[in-house]
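Protein chains in written order, with the working numbering: chain A, 316 to 587; chain B, 49 to 241.
Quick caveat, the hints were computed from the structure, so don't treat them as lab data.
Each residue gets a CB set at the ideal place from its N, CA and C atoms; glycine is no exception.
The reader is advised that the hints may include incorrect statements.
Listed next, the in silico DMTMM-like pairs over lysine to aspartate or glutamate satisfying Cα-Cα at most 20 Å (straight line) [as the list claims (entries may be wrong)]:
#1 B:141 to A:483
#2 A:436 to B:213
#3 B:142 to A:395
#4 B:141 to A:376
#5 B:142 to A:383
#6 B:149 to A:356
#7 B:142 to A:343
#8 A:439 to B:84
#9 A:439 to B:205
#10 B:149 to A:376
#11 B:149 to A:343
#12 B:141 to A:396
Taking CB as the label site, the calculated pair distances span [unchecked claim]:
#13 A:481 to B:211: 25 to 33 Å
#14 A:350 to B:115: 35 to 43 Å
#15 B:156 to A:427: 17 to 25 Å
#16 A:348 to B:109: 29 to 37 Å
#17 B:146 to A:485: 35 to 43 Å
#18 A:372 to B:217: 17 to 25 Å
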Amino acid sequence: MNNNTMLISIGSMAGMAILFSAVLAVADKKFKVYVDPKIDELTHLLPGVNCGACGFLSCSDYAVHIVEQGVELTRCKVVDDETREKMFKAVGKAVEEVFPHIALVRCAAENEHKEPRADYKGIKTCGAANLVNGGGMKCTFGCMGFGDCVSVCPFDAIHMENGLPRVDAAKCTGCGACRKACPRNIIEIAVKKNSKIIYVACSSNDDILRTKEICKVGCIACGICEKLSPEKFFKVENNLSKADYSKQKDDETIGKIAQIQVKCPTKVIKEI
Amino acid sequence: MIDLIIIFIAASITSNFVLAYFLGICPFIGVSNKIESAVGLGVATTFVMAMAATVTWIVYHQILVPFNLIFLQYAAFIMVIACLVQFVEMVIKKISPALYKALGIFLPLITTNCAVLGLTLFMVLRNYKFVEAVVFGLGAGVGFSLALVLMAGIREELEYANIPEPLKGTGITLILAGMLALAFMGFGGLISG
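Please work from the sequences and hints to get the whole structure.
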């Protein structure tokens, strides 16, 4: 190889590089798309876990929707208050307060409470077990305990303990991934305004006789909680008591509800 | 004309880039989860492959061969492919923001798809004429999309299958790719020579 070959190769490669970069430069000018700098700023502030709780595909997709379509900033349940304040400043809006959300598991049946009806040997997921009429459990409303909710949690906030998922209140952001994963709609997302939230840990619409027969920790819809609260903290409907979270305004009310809580005959009213 | 049809069918089916040469396995495993994204990536890759075959043919026969610089083909081809992907990205972003959003990260990743580089090197190796090279690029892209979409279809069904624990994920996907390749060998007699 002589010097000439080297010069030609350098020249031709450099020539091609210049030609291609010129084409790209022209294309960049011609096909330029204006991107609002706010979108970049918001994308950096958002947590980047892409949990989808806001209803958008990803954090950056949410940022685009905030800037371009004026979607409210309070949809993200994951960012802490300080970062949210920064987000409000980034788009030039007044700061709004947001209460944390939390996942409530509305079933109390641990392994020893789950009454078997058949021996389920199928795929070990709740979704599959629910397809074959409840995966061998007598209760058709309660938790089957295969942990679909545990595997989808992006924050490691829900764990199986003795056949029942437990929510770690410190880690849970209320993104709702577990709610979507649960085939029996046991998990509910609620706003937690106070130090704790009181809820009925049962989802069964079975009547009192059936519930008494198959579950020791189910709501039997006796109505004691409803009768004891003239303020209607609880309401029994379809053989199931449900707590009205909007009435749990302050810690004083929570104290009152806690007195009703201990009167529940099956101790199915829980707190987190 | 018959020659061109044979080149097209050979590139897309009988010697499919993914299933016969095992090129481009990374996107084949990575983007075959859903049919929707598989189709998107298939279309984008087909476009890049056809364009890459066209441009590299011109670069090779008009610049590299006359100047005796064939040893530079790898560097030159990689440069062409990288530029093309950049260009395609810009155009798609401007013309169809929806498609741009759907393809996401897979669009720039076409740059590192070895099937595209493989295509340009095969084209040189087999001494294709200009039109043949374009058809070859198009056929290779169609073949790549076909393999990707077939795999995505199988994997969507696989979600409900009871797979042994150690084989879950990539393991079963590679086994399936092997089976699919065996099935494609059945097309071997379609073209002789």
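Hints and how they fare:
1. B:141 to A:483: violated (42 Å)
2. A:436 to B:213: Within the cut-off at roughly 15 Å; holds.
3. B:142 to A:395: violated (35 Å)
4. B:141 to A:376: holds (15 Å)
5. B:142 to A:383: holds (17 Å)
6. B:149 to A:356: The given pair, whose Cα atoms are some 19 Å apart, holds under the 20 Å limit.
7. B:142 to A:343: Distance of about 10 Å is within 20 Å: holds.
8. A:439 to B:84: Given pair residue 439 of chain A, residue 84 of chain B is violated - Cα atoms ~28 Å apart, limit 20 Å.
9. A:439 to B:205: Roughly 17 Å between the alpha carbons, so the hint for residue 439 of chain A and residue 205 of chain B holds.
10. B:149 to A:376: holds (9 Å)
11. B:149 to A:343: holds (18 Å)
12. B:141 to A:396: violated (35 Å)
13. A:481 to B:211: 25 to 33 Å: holds (29 Å)
14. A:350 to B:115: 35 to 43 Å: holds (41 Å)
15. B:156 to A:427: 17 to 25 Å: violated (54 Å)
16. A:348 to B:109: 29 to 37 Å: holds (35 Å)
17. B:146 to A:485: 35 to 43 Å: At 40 Å between Cβs, range holds.
18. A:372 to B:217: 17 to 25 Å: holds (23 Å)
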